[in-house]
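> Got chain R; can you put chains E, U and G on it based on the hints?
From first to last, the protein sequence lines are chains R, E, U and G. Position 77 of the first sequence, counted from 1, bears residue number 491 in the working numbering, the numbering being contiguous throughout. Position 314 of the second sequence, counted from 1, bears residue number 728 in the working numbering, the numbering being contiguous throughout. Position 122 of the third sequence, counted from 1, bears residue number 536 in the working numbering, the numbering being contiguous throughout. Position 56 of the fourth sequence, counted from 1, bears residue number 470 in the working numbering, the numbering being contiguous throughout.
It cannot be assumed that every hint is accurate.
[To be verified] Listed next, the in silico DMTMM-like pairs over lysine to aspartate or glutamate satisfying Cα-Cα at most 20 Å (straight line):
#1 K486/E with D460/E
#2 K546/G with E552/R
#3 K500/U with E669/R
#4 K486/G with D460/G
#5 K674/U with E720/R
#6 K579/R with D608/R
#7 K674/E with D460/G
#8 K546/U with E720/G
#9 K548/U with E764/E
#10 K543/R with E567/R
Since the hints were derived computationally from the structure, they do not count as laboratory data.
There are 4 protein chains.
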Amino acid sequence: MGAEVKASGNVFGNYFQVATYGESHGGGVGCVISGCPPRIPLTEGDMQVELDRRRPGQSIITSTRKETDTCKILSGTHEDNNEIAKMYRPSHADATYDFKYGVRSVQGGGRSSGRETIGRVAAGALAKKILKLKCGVEILAFVFKVHQVVLPEDAVDYETVTLEKIESNIVRCPDPQYADKIIAAVDKVRVRGDSVGGVVTCIARNVPRGLGCPVFGKLEAELSGAMLSIPASNGFEIGSGFAVTDFTGSEHNDEFYMDKAGNVRTRTNRSGGIQGGISNGEIIHFKVSFKPTPSIGMKQNTVSREHQNVEFLARGLHDPCVAPRAVPVVESMAALVLMDQLMAHIAQCEMFPLNIALQEPVGVKYTRTPELAAILP
Amino acid sequence: MGAEVKASGNVFGNYFQVATYGESHGGGVGCVISGCPPRIPLTEGDMQVELDRRRPGQSIITSTRKETDTCKILSGTHEDNNEIAKMYRPSHADATYDFKYGVRSVQGGGRSSGRETIGRVAAGALAKKILKLKCGVEILAFVFKVHQVVLPEDAVDYETVTLEKIESNIVRCPDPQYADKIIAAVDKVRVRGDSVGGVVTCIARNVPRGLGCPVFGKLEAELSGAMLSIPASNGFEIGSGFAVTDFTGSEHNDEFYMDKAGNVRTRTNRSGGIQGGISNGEIIHFKVSFKPTPSIGMKQNTVSREHQNVEFLARGLHDPCVAPRAVPVVESMAALVLMDQLMAHIAQCEMFPLNIALQEPVGVKYTRTPELAAILP
Amino acid sequence: MGAEVKASGNVFGNYFQVATYGESHGGGVGCVISGCPPRIPLTEGDMQVELDRRRPGQSIITSTRKETDTCKILSGTHEDNNEIAKMYRPSHADATYDFKYGVRSVQGGGRSSGRETIGRVAAGALAKKILKLKCGVEILAFVFKVHQVVLPEDAVDYETVTLEKIESNIVRCPDPQYADKIIAAVDKVRVRGDSVGGVVTCIARNVPRGLGCPVFGKLEAELSGAMLSIPASNGFEIGSGFAVTDFTGSEHNDEFYMDKAGNVRTRTNRSGGIQGGISNGEIIHFKVSFKPTPSIGMKQNTVSREHQNVEFLARGLHDPCVAPRAVPVVESMAALVLMDQLMAHIAQCEMFPLNIALQEPVGVKYTRTPELAAILP
Amino acid sequence: MGAEVKASGNVFGNYFQVATYGESHGGGVGCVISGCPPRIPLTEGDMQVELDRRRPGQSIITSTRKETDTCKILSGTHEDNNEIAKMYRPSHADATYDFKYGVRSVQGGGRSSGRETIGRVAAGALAKKILKLKCGVEILAFVFKVHQVVLPEDAVDYETVTLEKIESNIVRCPDPQYADKIIAAVDKVRVRGDSVGGVVTCIARNVPRGLGCPVFGKLEAELSGAMLSIPASNGFEIGSGFAVTDFTGSEHNDEFYMDKAGNVRTRTNRSGGIQGGISNGEIIHFKVSFKPTPSIGMKQNTVSREHQNVEFLARGLHDPCVAPRAVPVVESMAALVLMDQLMAHIAQCEMFPLNIALQEPVGVKYTRTPELAAILP
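Extracted from the complex, chain R is given alone in its bound form:
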């Protein structure tokens, strides 16, 4: 068993984007359409009529293979019919989704639903596996802060923290003592139907040097954009982040030194493993903040779609704190960014590999090719 490539060049269009999937005898074929203007009346019949024109077995001069090719729209169509649809939940996507598309993102948020992250985590699992296989990259995230409970900076050793430690408790905090404090903090608001926010720290070990670009495509820019695309996130900081104002330049700079193995290293890592937009081989570490779940079991004032001031009380069960469940999503998005950047780096910079001396320490091993010899004597 192996994952055959899903061929790249697999998305068509820039505005009205179509990604197709599936194989001749696989588990069905289909497409994902992105960017479609909203409120287009569409039924499966609209598509079926065209599919019927395409399918084989239509006549003696076509293949007589029997394929039904029955169209099924899995998602993307809706009916406005439930009560939630009638009012805008405070700090949810309901109102803005409606403002933009003129359709209520019903049924628990539509594309804005946290469930959308399932696809990210599935893809992230594959990216993690490849990064590990190629460079031994390890990506780990954990809960660093919830409400007023915050880990001391030295509570977690980035060099040695393990997945086991993180998964050893329900809030995914590698420090058992603080895990208990966080659980208590969450429980305190949970019982009264309220929620709290939190901060997740993510580290990536063994990331090869050289990932990222010096201008718009800085590695921290890619990571930041990926993290802020996670539902409920509202902040990102790489390395020392906003605390940077506590330092002067002479205090903050990461001085270089040669380690015993002959590698160029930095004594401190306030840059978070990235300098000038490019990874430097140190551990990459960043933080992401998450809002309190807006769905709470308490009455709130809001307005209805019909522009009436109304009171709203959320139904159903919600996380009193999303941070613990955000941990695997943060890891997945980090893996997707690093995988994307690793491929970009290989395409651009491994065509003529760098000289060994510079790259020896990194995960990727290089061989001295004739082409290289021709360029770098």
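Relative to chain R, chains E, U and G alone:
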């Protein structure tokens, strides 16, 4: 019922691309991964373990909603186990797919299978519907040539040809007399297990003026790239195409004139409705050539994956001529290009609509806005 | 005078990207190449030989226009020859640039130089102008914090702060009293050759509702990625940002209400004008943190390219605090993101404008079209 | 001397695109803006005011380096003032450019000018150099047909034709005898102020196997889109192209065999070196048709921008046949596509190189890595 937008900004990554789909309560959520390096060992279990970390109902401090989130890989994994996999079918993707990915595109062609076009046709149906709704665009393709049978240029009136006429026979040729000739030509090779190629003509009526770009994004370039991405296609020509060498410039130029309605029109349309990469409001017309189906019921020499010279006889049922079935695929790809370009045009050029005089004739109507007044007195 | 469009579809390629510019009789024609593998020996002669084959006036059967088309490489080639090139400046891009490309980013940082932002500011000026013209958008940034000096949250009224106020002092802080404190703080480190970091706040007024996307393309994700691509930035937060952990959900949610004008508004704006990745019509506000300039007038330990531990003392003149000069760059990148998102929104959602009731409040005015009538009775 | 990479991730935005260039001490810094809405009033002053805010040396607390950063708009602004601007030249971009942007592409065609191809040729020269260095790729184009003069298919040996042969005459036809015929044909129309079209053949030798993708990104699709983006081109065919209808499947299929060196080869190459969208290691060959130059020295009927029927007589000197000068542009665009695809291939498929047996014959040599050993025993 209406198609809620599948939000754009819905594809993540540039090399390792992930498109997610699905909603909270829709028909499942998932992702399509493009660009993944081949031959990565992957099982559903690899993904399930991460999905389990993400899902709710894990503890008292998370939502106690019960969601199983069971991973199912629909396609993209394979096993090399059948006989076809052992030899490279002549002029199929077998060998090149293997050269590139190191995996045999088994099971009828994997991603190279003609069945992949199902996703294109489904998306094309939506694009057609929107283009019709917005501008009254009509896209029609038909079989123009098969083997030695070719329609006279004047056999089909681009202004009046209808879908009904095209669908009135099994080879999708709007001229009944030539349709019979084509059927006979196909049947002649079919009975001896051989196949023939053909040429499909596609026209688009009521395409607004102004679609396309003057440099790399010329409308004919977008259409050409789309058509050559259809399996078995090997040629594209817009307007007079390769026959252009029969003309001198003075014979070939499309002279402008003012029609009775006060529109700028061309007396001839050798440009095929596109000049300088941008649509001019005339009917867009182009041709696409298709190879004979490489799968034939005759013995052929080839080599096995083990590099042995062998004889190969295709199994199964195949189209003796793909052109008739390619017709809806050609229309669909044309619709995807025009839809993409219409959105691009609206984004760039309808922000401050052009003055009415110039645009009156086109499908899109414009209003004179205050912003416009400020710019174009 | 007006800016003729630089046609979109103006960048060719996905990995080896080429953007061309210039016109027949303009100020020269040329190209910008991105993604080129490093360390390729290249001279203008390599290009001239091909240009000479293309140019007119070569023979009687070509145009006899005289065009010299002399090749000039403006940037991108280098020589390693100065002293700085020999050692890696701490917390600069020197080392990582060298790790990635195998070339020292000499001459003040090459593409990593702060001077690269000139192109961003020039483009941002155009984006600002268009946003203002189309929707009355106003983008303003100012220095919020430097070292230990931080403005009280209520010191600046986002509704009324003006460019004049911001530009009234050399540190671009709209509060004169705090401006003096900041100047003092900067001066204190400047005199001893040290530097300090700072935080810049950016606001955008009159941003239309509906900009952004619900999934990967969330507006805050686009803004975050843009801000972290600015040299020396290392943190981004939208709305309440990392301070979000100070609130419970019931305290943090932005309740909706109907204002006197009949608009859906929020009483608070902790979301920073964006909910579910889409702008809600409130003022967009976010913060960006900047590191202390790594170039300081003090001895630092580092290593040379030859892997020797050495001491380094920066030459030249550097900003003791980059925050004030980062202000127009932050505004420019915000303008580029909003302009890009406005075009995306118009392409997707103004094809069939939303009903007036929902969109009335926003900057963009809509008319009820026949198409809309057909969809939304 | 070497070309330092122009970092990728160097283009910002998807609709309003900005590419920046230049370095700290290089030949100036700047940006290229693509996709800008047309008719925006813009002066250098609009940009200068922002640049002045950004530049150093503004005060004691900023760097006191003196940089003027004077804004210069090289192209993209215009004035409608000459006579040509008043009428639409038949089959030029004048009318469509005006329809789309509401500005006359004056001064010889603006962005539609053939001079824009200078940027393509310069970039193509670099791509050619890298392809040659990495894989020994040789890209050669030549004139195959002009008006009624057409080379016999066997007149040029794709294996041995050289640049010298092609450049040995002014029409770039490697067959001296036919070159003379072509020169005569061109001269015949030139003397009476008319023009003729032509067809250019392009071949690429030593292209590695495996370039391209199986779905939308087929190599022939990328090549086709690139060729149709060249001014005046109106047709593309790969391999047998439109002549494919002359063959049956049994006649057209390229049978595989093992050559003496143990390579998988095809006896014929009607596929043009690409099968299933992916290169197969045979010589890639395709044809591109070009219209007669629309600018002719003969009176033509057309309309003015004021919608009057008028007569037009072109001024200036023009190519009676563009094909010979299109040759280096065709080669350049082919080089840009192959370079882009090579990088895509390396990113995706060389992360874990294929086993040697399969790839031995291709230009790129592979080594068996530990990672590979782990996957392919």
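> Checking against the hints above, which ones are violated?
The structure breaks hints 2, 6, 7, 8 and 10; every other hint is satisfied.
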